[in-house]
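The whole structure should be built from the sequences, with the hints applied where relevant.
Number of protein chains: 2
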Amino acid sequence: MGAISEDRPHPRLAADALTGFCRNLFAAAGMPPGDALLAARMLVEADQRGVESHGVVRVPIYVERLLRGIMAAKPDIRIVRQTRSTSVVDGGNGMGQVVGAWAMDLAIRKAQAEGEPAFVSVRNSNHFGAAAWFAEQAVTHDMIGFAYTIGGINHMTPWGGAEAILGNNPFAVALPMKGEAPVVLDMACSVAARGKIIVAAKEDVPIPRGWAVDRDGVPTTDARKALEGFVSPVGGPKGYALTLTIGLLSTMLSGAGFGSEVTHMYEDFENPQNIGHLFGALPIAAFEDLEVYYRRMAKAAGEVRGVRRSPGVERIFLPGEREARTAAERARAGIPVPREVLAELRETGEKLGIALP
Amino acid sequence: MGAISEDRPHPRLAADALTGFCRNLFAAAGMPPGDALLAARMLVEADQRGVESHGVVRVPIYVERLLRGIMAAKPDIRIVRQTRSTSVVDGGNGMGQVVGAWAMDLAIRKAQAEGEPAFVSVRNSNHFGAAAWFAEQAVTHDMIGFAYTIGGINHMTPWGGAEAILGNNPFAVALPMKGEAPVVLDMACSVAARGKIIVAAKEDVPIPRGWAVDRDGVPTTDARKALEGFVSPVGGPKGYALTLTIGLLSTMLSGAGFGSEVTHMYEDFENPQNIGHLFGALPIAAFEDLEVYYRRMAKAAGEVRGVRRSPGVERIFLPGEREARTAAERARAGIPVPREVLAELRETGEKLGIALP
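Chains as they are written, first to last, in the numbering used here: chain X, 474 to 830; chain F, 474 to 830.
Rather than coming from a laboratory, the hints here were simulated on the basis of the structure. All C-beta atoms in this analysis are idealised placements derived from N, C-alpha and C, irrespective of residue type, glycine included. A few of these clues could be false.
To be verified - Below, a list of computed lysine to aspartate or glutamate pairs in the EDC-like style, where the Cα atoms sit at most 16 angstroms apart:
{"#": "1", "chain 1": "X", "residue 1": "675", "chain 2": "X", "residue 2": "695"}
{"#": "2", "chain 1": "F", "residue 1": "772", "chain 2": "X", "residue 2": "734"}
{"#": "3", "chain 1": "X", "residue 1": "772", "chain 2": "F", "residue 2": "687"}
Stated by the list, open to error - Which stretches of chain X does chain F cover? Using the computed rule of at least three CB atoms under 8 angstroms from a CB of chain F, they are:
{"#": "4", "stretch": "551–559"}
{"#": "5", "stretch": "635–641"}
{"#": "6", "stretch": "708–722"}
{"#": "7", "stretch": "768–781"}
{"#": "8", "stretch": "805–813"}
Following this line, the structure appears as structure tokens:
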């Protein structure tokens, strides 16, 4: 749910060109061509959907981790335990996008084979980007998809605490619709993205009360003090309980790292992250006739969209619908990329002899 | 997450006495003795845990619905579809607590029998009280429990809307711990409980900005206008996406009512509610050695509790821990029940010839 600042129009790049560039970077950093393309597509798709926080802005750190060998370019991804409807996957310290896509696909295939709910837990992975992508993979198979992950940086504290041992952990649920974009919940647990606080600190403006606490856990509107402190959980103790639960679901069923075991994605180049995920796929036909399900979903969507609107509101969106519309617009008009992000991409490209298009 | 106002100490009742009274009320309203006891225990347990919003305060409306025949005292609860690891349950318009307990037990037994994740969807049920109770049933079987339900009253609007077609839908996840209370996430999707706005309106004091919007969907601090309007979702669009998703998960896999199909629990005595739930049970042993899981959970809990604390904070709680401590205290000292709730219980008892202890 990140947003880019809009002080002047950003240059726009075509999705294909941006994807090709990122694919070439990943391939030059040692990834097999198919994995490089998959990861590039997932990142550019996030930008295309307007979820810039999980888009190409992450490419430089991913490439740096690959080049330093702290993330494996050619991971040995394997199943270490399984039943008919569950698997535990060791991601071989591969890129989270690649490991996650592999594991979510496994969950879907297991759910398909048995016609039963299937869950796949993952350890020894890395930051996987936008949770929505994984949950959405299920919808073309007439399944509801679930994706949970622990975050790649500990930015949050337990409620009442002043020490960051919790990630701003995201999860996603995707429910298929017939003939239109699925309903997709994709949320992390903070009131505001840390990126917005970084922007406020750069611009030397205060942040709204409630976004963050300082290093002692005291609420602050000073963006710089907020950056020394912690982002606040949405709904106070609710957001704390939610992020802790997502973190535990993502790690305790696979042996992935939790709390102090999670190393900092941007600062620690010595210790692999051992990031954990949990993926689930629920085949709708096990519960309901597909025709009935899709008809009732369409009715529900129609009711939601058709409610009386607040003053000034032009349209009611279903969760994920705004992102799907943004993606359609950006497919035509190109993807706006902030100049500072382009500069970092260019710099990363120069290291590997690959020119930004 | 409700709270009772504390202007003067409430009378305290022993859990056993209160349970016996509620059991007798439900039995007098036609419920079989076992069901009456089960429902009474669940409600009193919510009060005992400090979750008064889902405790005995609900008994008068439940009894009224039973007596009017709009909720079935002796429901024919049955499985209408199933696979090895899924079932769809028709609750026969029974009390949500009874139907939900039946369905959650079924999910656990199916997960036990197959050693696989099991999910049970429910239709034709009613308001089930505290979601935590159902998720927690799984933990003594070394399983992670999930419980989702659609709410019994539409109090929320889609983001940008001004028409209540969404419930303040709650969900719960419970993760077992060894030798202590499980970690239990149990949250609904509003910033504040509507009950708190009712209290503010009665006391003629403003409510904090962000709690509610008026009938046109415009933010308000006027408690009376807020009661004519809608409670606000936690985190704005996040809470909207969350409550919608919980609502869809609870209804689209079973044929339960959604949106305008949900009748008002307190106002409509003509049309059954057709409330839907979804329950899940994940057997931990399918993923991880139990000994390893419990050891890692204990380590995680120790880290969370052991973080540096904010000024004035005496103790860090795990989600559900505060409730478990409150329950232990109230087991000794009795359960405080507000006088107005006692008056309503007494009145309900008088109708049925049952004296409040």
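Status of the hints after comparison with the structure:
The suggested pairing of residue 675 of chain X with residue 695 of chain X holds, with an alpha-carbon distance near 12 angstroms, which does not exceed 16 angstroms. Taking the CA atoms of residue 772 of chain F and residue 734 of chain X, the gap is about 11 angstroms. The hint holds against a cut of 16 angstroms. The straight-line distance between the Cα atoms of residue 772 of chain X and residue 687 of chain F is roughly 26 angstroms, outside the 16 angstroms bound, and the hint therefore fails. Counting residues of the stretch 551–559 of chain X whose CB lies closer than 8 angstroms to any CB of chain F gives 5, so the stated coverage by that chain holds, three being the minimum.
Evaluation of the coverage hint for the stretch 635–641 of chain X: fulfilled, as 4 residues show C-beta separations to chain F shorter than 8 angstroms, against a requirement of three. Residue count for the stretch 708–722 of chain X with a Cβ under 8 angstroms from a Cβ of chain F: 11. That meets the three needed, and the coverage hint holds. Evaluation of the coverage hint for the stretch 768–781 of chain X: fulfilled, as 9 residues show C-beta separations to chain F shorter than 8 angstroms, against a requirement of three. Taking a C-beta to C-beta cut-off of 8 angstroms, the stretch 805–813 of chain X contributes 0 residues in contact with chain F, too few for the three needed, and the coverage statement is violated.
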